[in-house]
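Chemist: As a plain string of letters, each chain reads:
There are 2 protein chains.
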Amino acid sequence: MSKVIVTIGRQYGSGGRRIGELVAKELGISFYDKELITETAKKSGYSEEVLKNNDEKPTGSFLYSIVIGANGGDSLPLDNKLFLAQFDTIKDIASKNSCVIIGRCADYALEERNDVFNVFIYSDVEKRIKRVVEEYGVEEKKAADIINKTDKKRASYYNFYSGKKWGKAESYNLCIDSGKFGIENTAKIIADCAINFEKSEKK
Amino acid sequence: MSKVIVTIGRQYGSGGRRIGELVAKELGISFYDKELITETAKKSGYSEEVLKNNDEKPTGSFLYSIVIGANGGDSLPLDNKLFLAQFDTIKDIASKNSCVIIGRCADYALEERNDVFNVFIYSDVEKRIKRVVEEYGVEEKKAADIINKTDKKRASYYNFYSGKKWGKAESYNLCIDSGKFGIENTAKIIADCAINFEKSEKK
Chain A
10 MSKVIVTIGR QYGSGGRRIG ELVAKELGIS FYDKELITET AKKSGYSEEV
60 LKNNDEKPTG SFLYSIVIGA NGGDSLPLDN KLFLAQFDTI KDIASKNSCV
110 IIGRCADYAL EERNDVFNVF IYSDVEKRIK RVVEEYGVEE KKAADIINKT
160 DKKRASYYNF YSGKKWGKAE SYNLCIDSGK FGIENTAKII ADCAINFEKS
210 EKK
Chain B
10 MSKVIVTIGR QYGSGGRRIG ELVAKELGIS FYDKELITET AKKSGYSEEV
60 LKNNDEKPTG SFLYSIVIGA NGGDSLPLDN KLFLAQFDTI KDIASKNSCV
110 IIGRCADYAL EERNDVFNVF IYSDVEKRIK RVVEEYGVEE KKAADIINKT
160 DKKRASYYNF YSGKKWGKAE SYNLCIDSGK FGIENTAKII ADCAINFEKS
210 EKK
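For the protein sequence lines, the chains are A and B, in the order given. Residue 140 in this note's numbering sits at position 131 of the first sequence, with consecutive numbering throughout. Residue 198 in this note's numbering sits at position 189 of the second sequence, with consecutive numbering throughout.
One chain only, chain A, in its complex shape (with noise of 0.2 Å):
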């Protein structure tokens, strides 16, 4: 395999960071998950408390900060700061190494490289609730409402700063149901089509 950039945009508690893990492992590339805010912060800068407490949280005015920070950008709020920050991050990382990318909008910070290789990964409510209760911890009461808010910023980040829909099939480029599959054979599918894809790009 030459290079593939993997993005995995999922739902909460869908398994989307150990399916993205076992992709890396399978295809012998790097991961990126909160991997990405150490980058990040030796990059830009900022410190990782402040990207961490920023990370995947939606903004209301990112257009609007655009337009009035067109001078170089130092008016910009911080949350606008730091996304283009992970921006310029995950760029600089693609252009380096094949690579799997969780979540942060990859997709769109890549959109104009051909060899990205985009999925979203979903599962059914009740196996997202077993999954956060027996792998995060999470009570179980209070399971069904941590993954609809967890969702609902992720879903409101992405479109905002992508312009496309966080869960809309023709947004990526693969979407599968982790729930039907399992997490290992989830993996093995989309390694599978990412080598399948990264044929596709030569033609």
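Hints were generated in silico from the structure; no laboratory data involved. Keep in mind the model is a prediction, meaning the values are calculated, not measured. Mixed in with the good hints, there may be bad ones.
A pair counts as met if it fits within one copy or between any two copies, since identical chains are not told apart.
Unchecked claim - DSBU-like mimics (lysine-lysine), calculated; alpha carbons at most 30 Å apart, straight line:
(1) Lys-173 <-> Lys-162
(2) Lys-34 <-> Lys-162
(3) Lys-12 <-> Lys-136
(4) Lys-197 <-> Lys-162
(5) Lys-66 <-> Lys-90
(6) Lys-208 <-> Lys-136
(7) Lys-150 <-> Lys-173
(8) Lys-177 <-> Lys-66
(9) Lys-208 <-> Lys-197
Position chain B against the provided structure of chain A, taking the given hints into account.
Modeler: Just chain B now, kept in the frame of chain A:
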């Protein structure tokens, strides 16, 4: 492989029918697209012409009609009766054989079965225009408009009867961009996933 039903929702011009034929061939199972009309005509007594004229056409009064028609359904409008006849035909076909069924809310008709693999196929609009011009003989200047209107009808029909959202990832088990993977590759990926799916169901 023991048994699997593959339902395929598709954007107009994405190659869904051709891909479905290739999936059926690869898996050695039956294929139903327009063939459903003939089957429904045989089973229900409605003429093929009437069924064809109402095929995947949206309606606006189904729930209301169900209430009104609770005394046996005789007072249901014709379009709802045709939908129900097709619905019965789909259930009947699925009870007998492994098969691929294109469109017509087959996923919804079969939602109580656990051997049904629901797929959605889409592509960028440029590739779809190219396909409908070259393969279906549509005039180039009319292609975008026909694509738009056909997809609106399909969405309206699907959303109305199924209560799910056409083209939204979580309405299906797999959504795939045939524009990126190509027709043959997309069919191969779906066939492989169908085998994988059928194994997952046994666990």
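Chemist: Quick check: which numbered hints come out false for this structure?
Modeler: No numbers; nothing is violated.
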